[in-house]
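In the order they appear, the protein sequences are chains A and B. By numbering that gives the first Met the number 0, the letter at position 95 of the first sequence is numbered 94, and the numbering carries on one by one without gaps. By numbering that gives the first Met the number 0, the letter at position 385 of the second sequence is numbered 384, and the numbering carries on one by one without gaps.
No lab work stands behind these hints, which were simulated from the structure alone. Some clues are possibly wrong.
To spell it out: a stretch of chain B is covered by chain A in this simulated footprint if at least three of its residues, at any positions, have a beta carbon under 8 Å from a beta carbon of chain A; those stretches are [claimed, not checked]:
hint, stretch
1, 133-146
2, 300-314
3, 333-339
4, 352-361
Taking lysine-lysine and the PhoX-like style, the derived pairs with C-alpha atoms no more than 25 Å apart in a straight line are [unchecked claim]:
hint, chain 1, residue 1, chain 2, residue 2
5, A, K473, A, K415
6, B, K473, A, K2
7, B, K2, A, K170
8, B, K400, B, K473
9, B, K170, A, K2
10, A, K39, B, K2
Partial list, derived from the structure: chain A residues whose beta carbon lies under 10 Å from chain B [claimed, not checked]:
hint, residue
11, L33
12, A41
13, S127
14, P144
15, E147
16, T184
17, L216
18, A325
19, F475
If you're wondering where the values come from, they're calculated on a predicted model, not measured in any experiment. C-beta atoms are modelled at their ideal positions from N, C-alpha and C, and glycine is treated no differently.
Number of protein chains: 2
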Amino acid sequence: MWKPDRSAQTPLYQQIVDHIEHAITYAELPPGSLLPSERKLADQLGVNRSTVIQAYDELRASGLVESVIGSGTRISLTKWGISPSNTPNWRQYTEGGTFLPNHRLTRRIREATQNDPSIINMASGELSSDLFPNEMVSSILREQPFHEHLGYDDPQGYHPLRESLVDVLQKYNSINTTKSSMLITSGSQQSLYLITQCLLSPGDAVAIEDPSYSYSLPMFQSAGLRIYRLPVHEDGIEPDDIMNLYRKHRIRMVFLNPNYQNPTGTSLSEAKRIKLLRIAADLRIPIVEDDPFSLTTFDGNVPPPLKSMDTDGTVLYIGSLSKVAASGLRIGWMVAPQTVIERLTDARQQMDFGLSILSQWAAQRLLASEHFDQHITSLRQALFQKQQMMVQTLQEVLEDKVSFVPPLGGLNLWCKINQTIDDGKLLEEAIKRGVVFVPGSVYGSEPGYIRFSYAKPKLEDIRRGILAFSDALKQF
Amino acid sequence: MWKPDRSAQTPLYQQIVDHIEHAITYAELPPGSLLPSERKLADQLGVNRSTVIQAYDELRASGLVESVIGSGTRISLTKWGISPSNTPNWRQYTEGGTFLPNHRLTRRIREATQNDPSIINMASGELSSDLFPNEMVSSILREQPFHEHLGYDDPQGYHPLRESLVDVLQKYNSINTTKSSMLITSGSQQSLYLITQCLLSPGDAVAIEDPSYSYSLPMFQSAGLRIYRLPVHEDGIEPDDIMNLYRKHRIRMVFLNPNYQNPTGTSLSEAKRIKLLRIAADLRIPIVEDDPFSLTTFDGNVPPPLKSMDTDGTVLYIGSLSKVAASGLRIGWMVAPQTVIERLTDARQQMDFGLSILSQWAAQRLLASEHFDQHITSLRQALFQKQQMMVQTLQEVLEDKVSFVPPLGGLNLWCKINQTIDDGKLLEEAIKRGVVFVPGSVYGSEPGYIRFSYAKPKLEDIRRGILAFSDALKQF
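Construct the complete structure from the given sequences, taking the supplied hints into account.
Here it is as structure tokens:
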């Protein structure tokens with residue numbers, strides 16, 4: 000990365016001005032591009048913030064950039080003078096495309112955490128770094144010789160990884176499957192994406208939970224699907240609602256997260272699971288079962304997934320290592336009838352030519368390790384401790400201002416704020432105080448809900464985070 | 000994977016019948032599913048082929064499976080008797096979806112290579128395993144401690160990898176860029192996919208080379224693009240053709256592979272490069288420059304990419320490690336204006352949440368290694384040798400039956416067959432003789448062309464492969 004030259008005659012601020020002017024001239028920063036915040040750029044370049052402020056002032060004075068309070072400094076849209084008029088209108092291109100941008104508040108959270116790495120992050124669904132099996136991964140790399148073929152792998156996924164997963168799914172989730180019924184994907188996310196692209200067509204009606212992680216994904220809208228909602232109760236959705244949606248809208252698929260649902264933390268009761276499978280079979284509607292959290296169960300009893308009871312080939316089961324080992328390995332899987340697996344494999348091949356063999360190899364070694372079980376046990380304990388800390392602090396400082404039911408697993412606490420509130424504004428107040436969470440509206444919930452994740456902040460930061468949130472809430 | 004139990008009383012063939020019946024009953028193999036060939040299943044289960052033949056006969060007799068000569072054995076579509084009628088109609092689902100299946104002949108080649116691993120593969124654009132930097136990768140894993148964060152990485156890509164790529168692009172390709180203008184993707188393939196999904200809308204007109212690798216990709220059709228062709232001459236496309244297509248069809252983007260073009264092996268002349276950039280700038284049309292092969296240049300002089308001459312921010316540059324180091328690491332990159340990079344990063348985040356940190360870390364170590372340059376030099380020599388072997392054999396055995404111009408780099412030899420021929424039928428004859436290639440029609444070429452890749456077969460197999468091909472050609 001470019002850095003100003005401290006030994007040069009030109010003042011630092013002027014070097015920054017020249018550098019940005021150059022980027023504008025060569026259309027690397029086309030009109031409308033957002034510049035980093037003054038603080039962030041100062042950090043990146045290793046200069047004082049005042050130097051960056053001076054540089055931005057200079058650029059503003061020449062009309063090359065514009066600042067709008069609250070939305071940062073951008074390359075000027077009106078001044079095309081210095082920018083070559085032959086540059087494609089990139090702004091117009093980037094505003095087009097089938098694929099929709101992320102939810103506004105999701106992007107706001109990402110921006111806030113990038114601008115201030117010290118922020119307490121109760122928004123991310125990622126484990127804190129001490130919960131990853133770091134030493135296991137390092138020792139696998141160090142001690143186990145890697146001799147796999149470095150070419151394109153089997154597009155369905157590395158065979159030994161699929162074999163190990165067959166064992167893991169049998170052992171922990173009571174799912175009987177074979178490696179030919181399994182596709183390895185880049186986390187759960189890619190499984191969901193492939194389903195929306197390959198098994199559904201624009202205009203198709205689907206049912207998702209309300210609230211739901213899926214609602215936060217523009218991928219459903221990008222695929223042109225009509226989305227209908229299944230309200231989530233304390234024991235999960237009501238299976239009869241599927242019947243009603245089918246009668247009214249001919250829904251073609253149901254997306255569910257039955258264990259420690261994201262964001263509510265609820266689990267579908269066993270009676271409802273049985274009923275649900277019967278209804279889906281009667282209507283011949285596939286169920287997509289997203290199951291990222293079941294292994295985190297605090298009491299050690301993993302709730303049996305729908306897939307383990309599925310005798311009709313109705314369920315497409317999705318799992319991943321992201322929430323129980325390492326999200327950075329990007330390893331997920333889908334278990335489904337072979338016809339489905341073949342279709343999705345073919346499409347994935349065209350999108351990205353499959354996954355890294357190195358990552359699949361490491362994941363396989365991790366799953367097959369004699370220490371994997373111990374890792375899962377420690378993870379459960381650590382998550383339970385973190386949840387307890389969050390619950391206790393909330394009860395202490397916001398006793399009658401919020402309500403929640405602590406789930407028995409997973410990474411999230413779903414909180415109702417006992418007053419009318421604009422959750423976007425509450426997020427802004429929280430960001431000012433150094434903490435982020437996900438506003439419920441991102442999940443399509445009714446107003447006044449938020450999702451706190453206890454996965455990412457360190458145990459000792461959870462209390463500070465809740466106190467900062469409490470302070471933000473007091474502004475309303 | 001399931002294997003028959005040799006110590007059981009039940010005969011092996013009957014165990015296979017029972018196993019397949021069970022899979023049908025539990026809808027793991029829905030109606031219409033293709034069973035493995037008899038030879039393949041025998042290999043998988045470690046039984047004689049005659050045992051599998053007996054099992055399939057039994058299943059056919061009961062009406063559970065059907066065989067059609069030339070298209071294998073499938074689960075019967077008509078006999079729903081044993082299969083639960085409550086299974087979703089998976090066949091209907093998999094035939095829907097926005098994303099189109101791969102080209103028929105592409106799937107045929109894949110099937111042939113999977114069924115017979117000993118086939119001589121002149122279809123794959125993958126390097127043979129001895130050309131990968133196997134020892135470099137093993138020693139990186141063994142000797143360099145891995146201490147990276149195992150969580151989600153920066154969605155734009157691992158910072159040190161982007162930094163190393165800035166240096167590599169400067170050194171080999173004369174491209175000046177910064178890490179903020181770069182996105183790390185899963186090979187070139189994902190860059191292309193993101194462009195079609197995020198910068199273009201259904202109905203948009205684009206221009207691609209004729210013939211072209213892009214033509215083989217249903218991703219262009221899946222995105223609903225209108226495709227217009229730029230004929231490829233010995234010195235590449237004619238820039239004026241872009242002007243004409245723009246006037247007639249308002250094309251919005253041009254996809255090119257200027258160095259050792261896939262499949263023709265041609266390179267765009269320097270005069271044409273300059274003219275092309277001027278026309279694109281005048282019309283303000285972006286050029287997507289796919290550049291997977293430039294480092295393979297046999298004489299060591301890497302042709303400067305369009306991006307290195309691009310002062311207007313017109314070019315989206317795509318590169319990858321797949322053709323010059325290891326396709327299995329799945330590392331590609333795009334260099335583009337920051338507005339574009341931000342939009343694509345956001346979308347990629349939603350599709351798969353980014354790439355494996357492990358794979359990015361290993362790629363960075365590889366690129367930064369003092370041995371990387373030596374690897375590239377050896378690779379060039381080996382590819383040149385393989386090309387020579389192919390050229391000599393073709394000249395020897397098919398002198399006046401084929402014509403071609405050996406390219407100065409890349410992995411492919413584009414051959415014209417000097418007679419009228421159905422290239423699909425020629426492929427079938429070749430498969431029978433143990434060799435595959437890609438028929439030109441996959442790339443949208445006029446009849447009578449084929450693409451031979453010399454990357455994957457071992458040097459000593461190239462001669463055998465061409466002899467087998469010659470034999471196949473004699474059938475016409």
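Here's how the hints hold up against the structure:
Coverage of a stretch by a chain is defined here by at least three residues with a beta carbon nearer than 8 Å to that chain's beta carbons; for the stretch 133-146 of chain B and chain A the count is 8, and the condition holds. For the stretch 300-314 of chain B, the assignment as covered by chain A holds, since 4 residues bring a beta-carbon within under 8 Å of that chain's beta-carbons and 3 suffice. With 4 residues carrying a beta carbon less than 8 Å from a beta carbon of chain A, the stretch 333-339 of chain B meets the three-residue requirement, and the given coverage holds. Closer than 8 Å: that is the beta-carbon criterion, and the stretch 352-361 of chain B has 8 residues meeting it against chain A, so the requirement of 3 holds.
A threshold of 25 Å between alpha carbons decides the hint, and for K473(A) with K415(A) the separation of about 15 Å falls inside it, so the pair holds. For a cut-off of 25 Å, the pair hint linking K473(B) to K2(A) is broken: about 65 Å separates their Cα positions. With a CA separation close to 19 Å, the supplied pair K2(B) and K170(A) stays within the 25 Å bound. For the proposed pair K400(B) and K473(B), the alpha carbon gap of about 10 Å is at most 25 Å, so the pair holds.
Between K170(B) and K2(A) the alpha-carbon distance is near 19 Å, which keeps this suggested pair within the 25 Å criterion. Between K39(A) and K2(B) the CA atoms are separated by roughly 59 Å; this puts the pair beyond 25 Å, and the hint is violated. Checking L33(A) against chain B by beta carbon gives a least distance of about 8 Å; that is within 10 Å, so the hint holds. Taking 10 Å as the C-beta cut-off, the interface hint given for A41(A) is violated, the closest approach to chain B being about 16 Å.
Of the supplied interface hints, the one on S127(A) holds, with its beta-carbon coming within about 8 Å of a beta-carbon of chain B, less than 10 Å. With its C-beta approaching chain B no nearer than about 7 Å, P144(A) sits inside the 10 Å limit, and its interface hint holds. Given the 10 Å rule on beta carbons, the hint for E147(A) holds: about 7 Å separates it from the nearest Cβ of chain B. For T184(A), the shortest C-beta to C-beta distance to chain B is roughly 8 Å, which falls under 10 Å, so the interface hint holds.
Below 10 Å, beta-carbon pairs count as interface contacts, and L216(A) has one with chain B at about 6 Å; its hint therefore holds. Using the Cβ-Cβ criterion of 10 Å, the hint placing A325(A) at the interface with chain B is satisfied: the shortest such distance is roughly 4 Å. Taken as an interface hint, F475(A) does not check out: its beta carbon lies about 30 Å from the nearest beta carbon of chain B, beyond 10 Å.
Going through the hint list in order, the structure does not satisfy hints 6, 10, 12 and 19.
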